[in-house]
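Heads up: the sequence lines are chains B and A, in that order. Position 110 of the first sequence, counted from 1, bears residue number 109 in numbering that gives the first Met the number 0, the numbering being contiguous throughout. Position 179 of the second sequence, counted from 1, bears residue number 178 in numbering that gives the first Met the number 0, the numbering being contiguous throughout.
There may be inaccurate statements among the hints.
[Said to hold, decoys possible] Label-pair distances were calculated between CB atoms; the ranges are:
#	chain 1	residue 1	chain 2	residue 2	range
1	B	P73	A	V118	29 to 39 Å
2	A	T38	B	G60	27 to 37 Å
3	B	D58	A	F164	52 to 62 Å
[Claimed, not checked] Stretch by stretch, here's where chain B covers chain A in the computed footprint (C-beta under 8 Å, at least three residues):
#	segment
4	16-30
5	36-43
6	46-57
These are calculated hints, taken from the structure and not from any lab test. C-beta: ideal position from N, C-alpha, C; glycine also.
So you can see what is in the structure, the chains are spelled out below.
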Amino acid sequence: MTAAPDIGTQLRKGVVEFCVLGLLGREPMYGWQLSQQLTEHGMIASIGTLYPVLTRLRDRGLVSSYEQASDAGPVRRYYRLTQAGTEQLETFRRQWTPFTATVADLVGEGDPDD
Amino acid sequence: MTETPQVVSSYLHELDSALRGMPAAERQEIVGGVREELTGLDATAASARIEELGDPVFIAAQAREAAGDPAPSGRESFGYAVAASLLVALGGLIVPVLGWIVGLGMVWFGRTWRVWEKVVATFAPLAVGLLAIGVSAIATAASSGPGESANPLLPAALDFAHASFLLVPLGYIVTGLWLLARARRSLRPRA
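So that you can see chain A by itself, here it is in the shape it has in the complex (with noise of 0.2 Å):
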């Protein structure tokens, strides 16, 4: 069995997420014919015939259209992307924590991003949070030393935490902004 070259499998990855939301049969039915045209190429072969494939996101527009799929278009999706994008952004200092649970929610639900982008878009304002957390407390193993009382002049333990109150919003914050970004690039229609 020859190796697949990389632009291919990548291509196919591409033009599966592309098609997220369609009835399973009729979305592997087009990956099927779609990878069937591509096996057995060399890389050369594989992106000269991707090149007249096409984009895959035009694709799935294209079998979303002729598949009736009420499918939002690129306007209402755009929506509900700033919508959620916002939502992970702002939601958590407008209704604490919940806020943000929603947003999140809305972004996995959503057909606008791919699975590592929701990843990460879920894990990164926890890690910003651990990480102050981490931080907070190499400080209080560092400023409580045996029989000293803590300096005042020195950060406490207390202001890690505190600074953990911020950074955590403002991580939900450039998360929301960069999941907007990242909507913007996918929803764009590319010619």
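One chain only, chain B, in its complex shape (with noise of 0.2 Å):
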């Protein structure tokens, strides 16, 4: 028996690194917080995704990291965008709505009665 292939995840494969992107462009941000919030909207399913995310976002040049001390905490390793990365972010941001749009044309919305 093959299991049917997981739509979600594919589709979440799809633009985890956009979402990445998206919201390191609103601030900086530690992993264990970009863990939560990709985690809290379902994105990923644990910490273990996001980090080869960010290697790979890293390596293209797009996001890069510094280490800060918190007040009370411990040293942080923080991601930011680059240039390269804003730049990509809104090349994504300018073709997902037009995209979305076509897909959902094509796909129909399916009779409601179902």
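From the two separate chains plus the hints, produce the assembled complex.
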């Protein structure tokens, strides 16, 4: 028996990088902060997903990291957008809305009585 | 500097072990990121945070998936674990000595077992062998008194040497089964 591919998982995989860019576009964040935001919104299942995504974004020069001591707690590694990251996020924003509209058109809304 | 609660150090250790086989930089970043979240918390707060973070095995599986790591899926690596365990258990009976060495080599190269489990698997059967040799030596000393011929009714040293020939393979069989049981535990998906 083969399990049907989980559509939600596939969709999330496609956009999670941009969600990270979007969050970092508001303010620099540390790992746990990002992880909590993404987990709450159901974009990732655990912090384990986050770090490889961050590594990839950093390798591509879209995100950079720096360490900063907090007032009461530990030294934290913060992540922020680079100029290239900001531009990438802008490009994504411009394409996303028309893209979803197109997909909605093609897919249709289905029969509400179903 | 505040002392790290036991629950934190063991959690970080488990996470680090679970990430074995991933690129070192990535592994350090994940463990470092989790560590910074647990730093400065007392045992109660740390336990609550650990609850939120979730099972290290799950975190590691997610990290592998997100990293596109072609690490064996649970099923494949379970096949590998079964093969390694069976080689440890029976390999030496099929190809004397070499079979066990190959089995243990597979165990050491595998990601399924923790280091302490690998150490136990490597030395437990040897310990059984050494024990048998020790018992045999004591028996030799006891049975060869000066000027007395060995009592044919007492177990002689030779018997213990024979016994060690049986005990060592038995030790490997038990070890192999134990490895299999440990592998099942560590690969079983946890909710």
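Status of each hint after checking the structure:
Between P73 (chain B) and V118 (chain A) the beta carbon distance is about 33 Å. The supplied range of 29 to 39 Å therefore holds. Judged by the Cβ atoms, the range 27 to 37 Å given for T38 (chain A) and G60 (chain B) holds: they are separated by roughly 29 Å. Between D58 (chain B) and F164 (chain A) the CB atoms are about 57 Å apart, so this pair conforms to the stated range of 52 to 62 Å. With 4 residues having a Cβ less than 8 Å from any Cβ of chain B, the segment 16-30 of chain A passes the three-residue criterion, so the hint holds.
Restraint check on the segment 36-43 of chain A versus chain B: 3 residues with Cβ-Cβ distances below 8 Å, three needed, restraint holds. With 3 residues carrying a beta carbon less than 8 Å from a beta carbon of chain B, the segment 46-57 of chain A meets the three-residue requirement, and the given coverage holds.
Hint compliance for this structure: every hint is met.
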